[in-house]
Amino acid sequence: MAHRVKLDESNSIRVPAEDLRRQLSLIFQAVKTPENHADIAAKVLVSASVRGVDTHGVSQVIGYSEAIESGFYTVPQQTSVINESETTALLSAGNGIGLVSAYEGMEIAIHKAHEYGLGMVSIRDGHHVGMVAYYAMMALEQDMIGMSMTTATPSVRPALGARKMLGTNPIGFAAPAGAERDFVLDMATSTVAGGKVGLARRLGVNIPEGWALTNEGEPITEPEEENDHWALNPLGNTREQGSHKGYGLAMMVDILCGVLSGGGFSRQLARGENMTCLMAVDIGRFRDIDDFKAMMDDMIHELHSTPTLPGEDRVLVAGDPESDATDDRLVNGVPVENGNYAGIKTRAAELGVEVVI
Amino acid sequence: MDLHKQVSAILQGVGTPLDHAEITAKILVSASLRGVDTHGVGNAVRYSISIEDGTYTIPQTVEAISETDTTVLLSCGNGLGFVAAHQGMEMSIAKAREFGLGMATIRDGHHIGMVGYYPMMATQNDMIGMAMTNANQAVRPALGARPRVGTNPIAFGAPSGDERDFILDMATSTVASGKIGLARRLGVQIPEGWAVTGEGEPVTDPPADRGDHWSQNPLGGSREQGSHKGYGLGVMVDILCGVLSGGGVGTQLAGGENMSWTMAVDIAKFRDVDDFKSMMDEMIRELHATPPLPGENAVLVAGDPEADFEDDRSANGVPVENGQYDEMRLRAVDLGVEVFM
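In order, the protein sequences belong to chains A and B. Residues in the first sequence are numbered from 1 upward in steps of one, following my numbering. Residues in the second sequence are numbered from 358 upward in steps of one, following my numbering.
Looking at chain B on its own, in the form it has when it is part of the complex (with noise of 0.2 Å):
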C-alpha cells in the first residue's frame, strides 16, 4: 500500500494524472508483490526521468485508430505503455464478453513491464487472457549471429477452481534480459546457452552493454535443441505487436519502444465455466502429482513462484533493495512529493 502511494506520487509529481499513475503503479506494485523484480517497483524512478525528460509523452491520450466490433488498433501516444496495455486489455475483454473474443493491438508505445499482469485482468472474469510485447534487438535468430529479434515475451492465463490460476509469463530467449542485468550487478557468471558473441563463441560474463559484439540465444539455444522454436516465437510476437499494429519490429525499434497486444477469450462462450474450472484444477493437480527429477522437490504451475512470492509479500511486505529504496525516496524528495516509505 505504501509502495503503491509512493509509484503513483512520483509519478503524479512530474506530471501523469492521477488515474494513469494509479494504473501504473498498480501494475508496479503488482510485480513486486510477485517476486518478479526486475519489473517492479524499482522501475518507478527511470519512468519518471523518462518522462521528465519527454521520451514519455504526459499526459498522454490513448487513441482508437481503427476499431471493430472485435478488435482495435490503439495507438499509445508515446506514453506510459502501462497505460494503453491496460486500457487494451480492458478493451479486449468488454469485447469478448459481447462478442466472444477480443483483440487490441498497440503502436508508439513504451514498456508495459510485467507482461503476465494482463492476463491476470482477464482471468479475474472468467476469460483466457493473452499478452505479448516487442522489443528492440536483443535476440540473435536461430543460425544467426547479431541481435536481430526483442526477447519478445508471452504471456497466458487461465482460471482454475480451487487451485491457483495458471499464469505463464515467458521470455521467448532462453532468459529474459533482466536475468543478464542481474548477473552483472551482482557480479555472478551466467551459465553457457544464455548467450553467445558476434563469433559464436559462449559468453559467461555478463556483458555492460548492448551491440552487435554478443546476443542473446532464443530459447531452445542450439540448432540441435530447438533455437528456431524460440526464433519463431519471438518473430510472431514481433508479427502481432509490430506488423499488425504498424509500430515496427524489433530491428525498427528504437530502445525503450515497445508494442504491445492483448486478447480476450470468453469461456463461457465455449462451455460452462465450473466444468473448465473443474478441470483446470484436475490436470493442474495431474501435473503437481508428476514425480520430480532427482534433487528437484516438487513439479510446478506456470504462476506457483509468482503466487508463493504473492502471499508471502502481501502477508509480510515487499522486500525492496536498499539503492532502490534510498532512490525512491530521494526521487520523492527532489519532486516534492509526500515520502510515504
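One chain only, chain A, in its complex shape (with noise of 0.2 Å):
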C-alpha cells in the first residue's frame, strides 16, 4: 500500500541544507532572477525539504528554472500592489516565481497585522508556491496565528460529480506553542495531494481505494498520467463519509486565492497557474501571548497522551512528522533521492554555476 509512501533513503544521499541552499539560489540566479529573489525561492525550497516534504523540495528547482528560461515565469519579477487598504492588499504577482510573491504577500500580512491586528493578501497572476505552510509559519516568529492558501489548476472532483473540476487546494495554518512545537496544519482539500499519486506511479505501488475515481465512477487503484478520464476524490471521498465537506472547502480556497483576487478560479487557471491567498492574526491583540502559548502547550499536551488505536504508535499533533523531520535533517543532511541529485548538478553545470553540493 502506499499510504505512507515516501522518498527511498537508500537511493538518495544526504546533503547539507545550508550546501542546497546555496546550489538552489546560484541555478535561479543563472537565469537571471536577482538574488534576493533568488534566496527566497531556494529558502522556502529547502525548508521543504527539510521537513520531509520531499514532493515540494529541492528538486523543483529544476522545473522552476526552466520555467523562467522559457519565458513561462517572468523573471525578474515585479510584485505590484492592485488595491490596499489598512488590513488587505491584492497584489499581482506579475506572473514571477509564485514562491517569491507568496513570501512577500505574507510579508505585507504580517506588517499589516503588527499595524491593525490583521492582514490579508490575495494574490493573483501568480505560479506555484511550493510548501504551503511556509507562508504560514512565517507568522509564527512574530508571535500570530499565520493562515495561507493557494489554487491550482483541476484535479479533483466535486463531491457527487465525476470529472475533475477544482485544484487539490491546499490549507496552512500555523499558531505558536510554548514549550512545545508549534501547529503546522498543511493539507490538500482532497483524500491525498496530487504529488503521492504521483509517488506512488513513479514507486510502481497500488493506491488504496477511496484516493481517485475514474469518470464512471469505479475506484483507480494503478495510478494513471494525469489525464480527462479520472479525477482525485475531494476529502471526505463518498457522500456517506463527508465528501461534501472536502469539496466545500475546495471551494472556499478557490473564492478566496481566485475570486477575491480575480485571478480566477480552479477551473480558469492554464497549467501551473496558482492563486494565493495569505493572512496574519496578531494573538497579542487578543489575549497576551504567553497565556495563548501556555494554553497550546496544554492542549498538545493532552492530545499527545491520548490512548491510541491498536497497532499505533502514538498520537502525533499538526507539524510533528515534519519537525521530526527537521530535527533529523538539520543534523544529519537533506536526504536527496540519487536522480534529483545528479539532475540538480547537471542542471547547475548546464547554467555553468558553480555546482557546491
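Hints listed in this document are in silico derivations from the structure and should not be mistaken for laboratory results. All C-beta atoms, glycine included, are put in the ideal place defined by N, C-alpha and C.
Facing chain A, a subset of chain B residues (Cβ under 7 Å, in silico):
(1) Thr425
(2) Leu430
(3) Gly557
(4) Lys586
(5) Gly589
(6) Ile596
(7) Val606
(8) Lys626
(9) Leu650
(10) Val656
(11) Ala659
Two chains, two frames, some hints: make the complex.
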C-alpha cells in the first residue's frame, strides 16, 4: 500500500541544507533571477526538503528554472499592489516565481497585522508557491497565527460529480506554542495531494481505494498519468463519509484565492497558474501571548497523551512529522534522491554555475 | 412567523430580555427554515430550561475584554451563545467596513446553533464571512482512540450575483453529532466510518451516551483516507475559538460550553463587488454543470440543499416533529406565555 509512500532513503544522498540553499540560489540566479529573489525561492524549497515534504522540495528547482528560461515565468518579476487598505492588499505576482510573490505577500500581511491586528493578501497572476504552510509559518516568529492557501488547475471532482473541476487547493495554518512544537497544519482538500499519486506511480505501487475515481465512478488503484479520464476524490470521498466537506473547503480556497483576487478559479487557470491567499492574526491584540502559548502547550500535551488505536505508536499533532524530519535533517543532512541529486548538479553545470553539492 | 413569536415568547418567559430573545428566535427559526432541524426551533425548550436552572446566566452582559480597530475578544457572560455570536459577527462586519477585516473571538459561551447563520450576516453586507465554534470532546484525534476534540464546525459564506450564495457549514468530524443522535431516535444503524469504540472497532449501533467507550471519527475517517486532516481542522477551530479567546479547548470544556470565532472580509477592499459576484456565478454554474456520478442527479454547491428547504418552508411552513410541537406548546403554557402555534 502506498499510504505511507515516502522517499526511499537507500536511493538518496544526504546533503547539508546550507549547501542546497547555495546551490539552488545559484541556479535561480543563473537564469537571471535577482539575488534577493533567488535566495527567497531557495529558502522556501530547502525548507520543504528539511521538513520532509520532498514532493515540494529542492528537486523543483529544475522545473522552476526551466519555466524561467522558457519565459513561462516572468523574471525579474515585479510584485505590484493593485488595491490596498489598512488590513488588506490585492497583489499581482507579475507572473513571476510564485514562491517569491507569496513570501512578499505574507510579509505584507504580517506588516499589516503588526499595525492593525489583522492582515490579508490575495494574489493574482501567480505561479506555484511550493509547500503552502511555509507562509503560515512566517507568522510564528512574530507571535502571530498564519494562514495560507493556494489553488491549482483541476484534478479533483466535486462531491457527487464525475469530472475533475477543482485543484487540490491546500490550506496551511500555523499557531505558535511555548515549550511544545508549533501547530502547523498543511493539507490538500482532496483525500491525498496530487504528488502522492505521482509518487506511487513512480514507485510502481498501487494506491488504496478512496483516493481517485474514473469518470464512470470506478475506484482507481493503479495510478495513471494525469489525464481527463479520472479525478482525485475530495476529502471525505463518498457522500456517506462527507465528500461535500472536502469539496466545500476546496471551493472556499478557490473563493479566497481566485475569486477575491480576480485571478480566476481552478477551472479558469492554465497549467502552472496558482492564485494564493495569506493571512496573519496578531495574537497580542486578543490576549497575552504567553498565556496563549501556555494553553497551546496544554492542548498539545493532552492530545499527545491520547491512548492510541491498536497498532499505532502515538497520537501526533499537525506539524509533528515535519518537526521530526527537521530535527534529523538539520543534523544529518537532507536526503536527496539520486536522480534528483544528479539532475540538480547537471542543471547547475549546464547553466555554468558552481556545483556546491 | 408564528414559530418566531413562540420561541421568543418562551425565552422571554424565563426572563430573557426582548432584544436577546428576538435574536435567538431569529437564528433558531432560520435553522428550521433551512432544513437544519437538529439546530432549529425544537431547541428553544432546552435553552429555556438551561436558563431556568441557572446553567445560563440571564440577563447576560456581553462584554468586550480587549478591543482594537479590527479585533475584539468578547465574553458571552455565560448567557445565550447566540447573542454573543451575533454581536461578534456584527462587530466583525462593522470593523471590516472601516478597516477591511474584522475578527471576534468569544469566551464564556454556550451553544450558538447553526454556525452557518453568522457568515450569512456577512454575505448580506457584500462581505465574506466565517464562523467557527468548539465544543467538549466527542471526536478522536487521528490515530487516537478516545474523544479529545469537539465536532468543531466551520462555516464560510461568500455572496453570489444571480446564483445562490455559497454557504458552507460543516462539522470537522465525518458527521455532526446530531446525525448520530437522530439515527438513535429513529432506531437505525449508522454506517461504518462515523464512529469507533475505545478499542478501535467500528460502531454501527448509535450509542446512548457520551464517554470514553466510543468516539466519532474526524473527517477522513482513517489514516489512509486523511483522518489527520479532519483532526487538524478540528484543532484549528479549537485554537481560534478556545485558545485565542482563552475560554478553553475540547478537553477543557464542560458539556454545553462553547467558545466561538467570527470573521468578516470586505470584498470591495480587494475588487469591485459586482465583478466578484459574477465570477462566483460563473464558478457555481460550472460546478452545477459537472456530469454526476452514476446514480446521482446533480452536482450541488454548498448551501443548495438549505436554500431549497428555505424556498419550500418559507412558502409552505416549517414542519415541526409532533413531539417537539407538543413540547413547545406545553412549555409555553407552563411559563404562562401566549401560545402562537
